[in-house]
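Visitor: So the protein lines, in turn, are chains A and B. Take 866 as the starting number for the first sequence in the numbering used here and just add one per residue. Take 1351 as the starting number for the second sequence in the numbering used here and just add one per residue.
The set of hints was computed from the structure by calculation and includes no laboratory data. Small disclaimer: the values here were computed from a predicted structure and weren't measured. A hint or two may mislead.
Unchecked claim - So, partial list: chain B residues that the calculated Cβ filter (under 10 Å) puts toward chain A:
1) Ala1517
2) Leu1561
3) Leu1565
4) Gly1603
Claimed, not checked - To list a few chain B residues with every Cβ distance to chain A over 10 Å, as calculated:
5) Pro1384
6) Arg1504
7) Leu1666
Ideal Cβ placement from N, Cα and C applies to all residues, glycine included.
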Amino acid sequence: MKIAYYPGCVAQESGKELDMATRWVCRNLGIELVEFPNFSCCGSGFVDEANEVLNVAINARNLAIAERAGLDLLTICSTCQGMLTLAKVRMRDPKVRSRVDAALKPLGIEYKGTAQVKHLLRVLSEDVGLPAVKAKVRRPLHGMKVGAFYGCHLLRPADEMGSESAEEPRSFEELLAAIGATPVEYRGRVMCCGFPIQFVKPSTASAIAGRQILDAKSHGADAMATPCPLCHLSLDAYQNQAAKEVHASLEMPVFHLPQVVGLALGASPEELGLRRHLVPTDAAIAKIRPSAPA
Amino acid sequence: MPDATISAPFDIYRYRPGQDAAPRYQRYTLEVAPHTPVLTALLKIRAEVDPSLGLRYSCRSAICGSCAMQINSKSRLACETHIGPEVERHGRVVVEPMRNQPVLRDLVVDQAPFWREYDRIEPHLKLDPRRPMPEGRATSMTPAQVDRFKETPRCIACAACYSACPAVEADPAFPGPMALAKLYRFVVDPRDTATQDRLVRIQPNGLWLCLRCHLCTEACPKDVRPSERIRDLKELAIAAQGGTEMGSRHAIGFKENLKDAGQLNEMKLVRATYGLGGMLGQVGQGIRVWRKKPEIMKRPRRIEGMEEVEKIYAALDPPPKEEP
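Just chain B, same shape as in the assembly:
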């Protein structure tokens, strides 16, 4: 017996830049089994209703990374998103192109910005030509070394993370989650000889614009967990170079701040990050806030048991070297 079908309304974004005055949404209603993937429905619409619908796809098996798009506002692969739960939650399936990349036609975007950021991190091993590794060992790594970047090779470069990222949306200086996750992969590769250089170069080039909102980790269909790789990169950058940027100074400043009283001292942190001179630029805003919230100037009380926190710092900061 065939599965029961549902009547699924699709609102699909249609736009041909240069030809259409403005984007519009076209409604198609299909009778489908709930487990039908959104991509299958789109292909059915194109084959049977409207051959002009533009979309990009290839493998239909969540391997090629071609069919990422926004489905009910979430960036995901159309081939592995089932229609039933979408209709159940939203009453319809709104299908739009990915964000943060210009639309070429309907659901097809220009991925050039995404790939430009990928190229910029120089995604290849940099070996030292003067010191070739012994024959037969050039690519050998221990399982523990491989383990450090076991998630990133799963990336299929679908750009769902790039589409979901609010930092990419707000600031062209941010390289995006995928590029940074890939950078992490080369930074921790023991064969790569440019580790220090890579860390030094990424600090002023967007590393610290990550919001750690984890929207990329939510969007990633392959569980690469880009936000966590970016966190790892930040710690490595600080270990390599200390506080050279607002972001790294703020992270270090926060860590030092807690060592005083176990509680945040808001004013002292602002000073650690901006320096005295930089604080001047914040005076106007500071006074605005202080008039309503005078506690920003207050020194926090020292927590009880502060000596325990001090001893934890003594034991773990800097972190003891890991055993190989």
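Chain A on its own, in the form it takes in the complex:
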């Protein structure tokens, strides 16, 4: 399949390993990524707080770029997924639509609303399909217990994001099971990582991250995996702060979604950028039981 690749800012900067892993996985699963150097940042929820209609317009432009090429968009970040989807929802409001159209028309940009916005999790679950993913597994992650951590904007508000149940999502756990890992059930999997207030009040943000990591750990997780690079920053890059806030040793390896898939499909740690994490992932990888040759 062919899809417009919307990597988002973080995956092109501090979360480069997410971009590396995504490209590796897509190459190996026959997903052709079409790049658009004119995509802008989605505003990450912050521009929305400062100026809602501006935020909708910026994302309507991004959507229109993919539409013009007749492609759906692939996101690899819960926040990008949320912001682009929200723009589509808000563009259904005639008042918002007319203001945004008035700004876009003079630039020759026409937003139609035809392109779908799909996160990699959904593309793997629905478009590629779990049987096809499973067929490509070369090193099943048997023995590795992984806590899926969804990230808010992939799920909520449910009526607007509308891909699966926000309260009881299953697709990430099903994907983990398909690649041989054991999904861990814990309340925190659908909770917030704290990142949006990392700049407002770091101690509170890290306390929230710490709670979710502790929750995953106390339910037996060897690692966590997230479809969102902002959650990854909170859970991995700031994990030392989180540990301080919850007064516990955490040492929880946190994978990006395509990294766990890539591992199972046979990618090396270097190809997946695992050395770029703040918390080493070796202990989790060491849990993988070798499978007997067929």
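With the hints as your guide, set chain B onto chain A.
Guide: Frame of chain A; chain B shown alone:
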């Protein structure tokens, strides 16, 4: 013919502070029709099995807001949650008191913290006594004006949002979703004369601690959508006062940041939010991250078609005045 029944296991939180050493879960198994509400089952348990079970309820019709509790970890009204789907998904029904409020007995919590936050936002119209509105028009609003806060009057103050909120759980400075949604309602009420004052006072008092995780909107049984009202409040606060807090500076900084290259410049944003002095406190963490992820210091490339983004900014920032 009666509906087929299912055997539904209930694990109910039991705790009498001051009397019990620790909370415990008590198992009751009931034969019920799948569409039976959880509240009906709890009342049956209390009437037929264990009269000591403490719970709060009144109308049984999702109007009074009394029976909010945690059902399989989700904050919701017991009277409108059916047993069948819960058992289907979880194999049982775990019933616990709401979070973020101290337990008084079993499923009954002390709602004082929730109501204290509500009182603090001064949930009443502040009219100007020196300038009374003309007789007969004192409460008149246009339909469009009423429309701006059509969701908030639906609130039944059940506190499910307060229970579901991770910011409330982690930080006592956060007023909670319901109080902020109510504040929004008074801020956009054209009859209220304290709009500016309300916005100025809420900025340093928790507005910017909202995580926009939308867990409140998910929990709300009346679709008040508190997280979206809080977003609206943030934009109004910025319009009224500019960037006076870390949160508002960060939102404005982010918006300005995109104007440079169309992509996020991570370092520049940190500086816009914290200022140069504030950045010093982040140096240790910054170096830790930079050693693994040197791109945090990189200036992003300017996107192609940046002039389009610039023109969108020129047209919409600040947003053009809405027609009345």
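Visitor: Decide, hint by hint, whether the structure agrees.
Guide: Consistency of the hints with the structure:
1. Interface hint at alanine 1517 of chain B: satisfied, since its Cβ lies 7 Å from the closest Cβ of chain A, which is below the 10 Å cut-off.
2. At its closest, the beta carbon of leucine 1561 of chain B sits 5 Å from a beta carbon of chain A; the interface hint therefore holds under the 10 Å criterion.
3. Here the hint on leucine 1565 of chain B is kept, as its CB sits about 7 Å from the closest CB of chain A, short of 10 Å.
4. Evaluation of the glycine 1603 of chain B hint against chain A yields a held restraint, the C-beta minimum of about 8 Å falling below 10 Å.
5. Every CB of chain A is more than 10 Å from the CB of proline 1384 of chain B (nearest about 17 Å), matching its label as outside the interface.
6. Residue placement check: arginine 1504 of chain B keeps its beta carbon more than 10 Å from all beta carbons of chain A (closest about 15 Å).
7. Against chain A, the non-interface label of leucine 1666 of chain B is violated: not every CB pair exceeds 10 Å, the least being about 4 Å.
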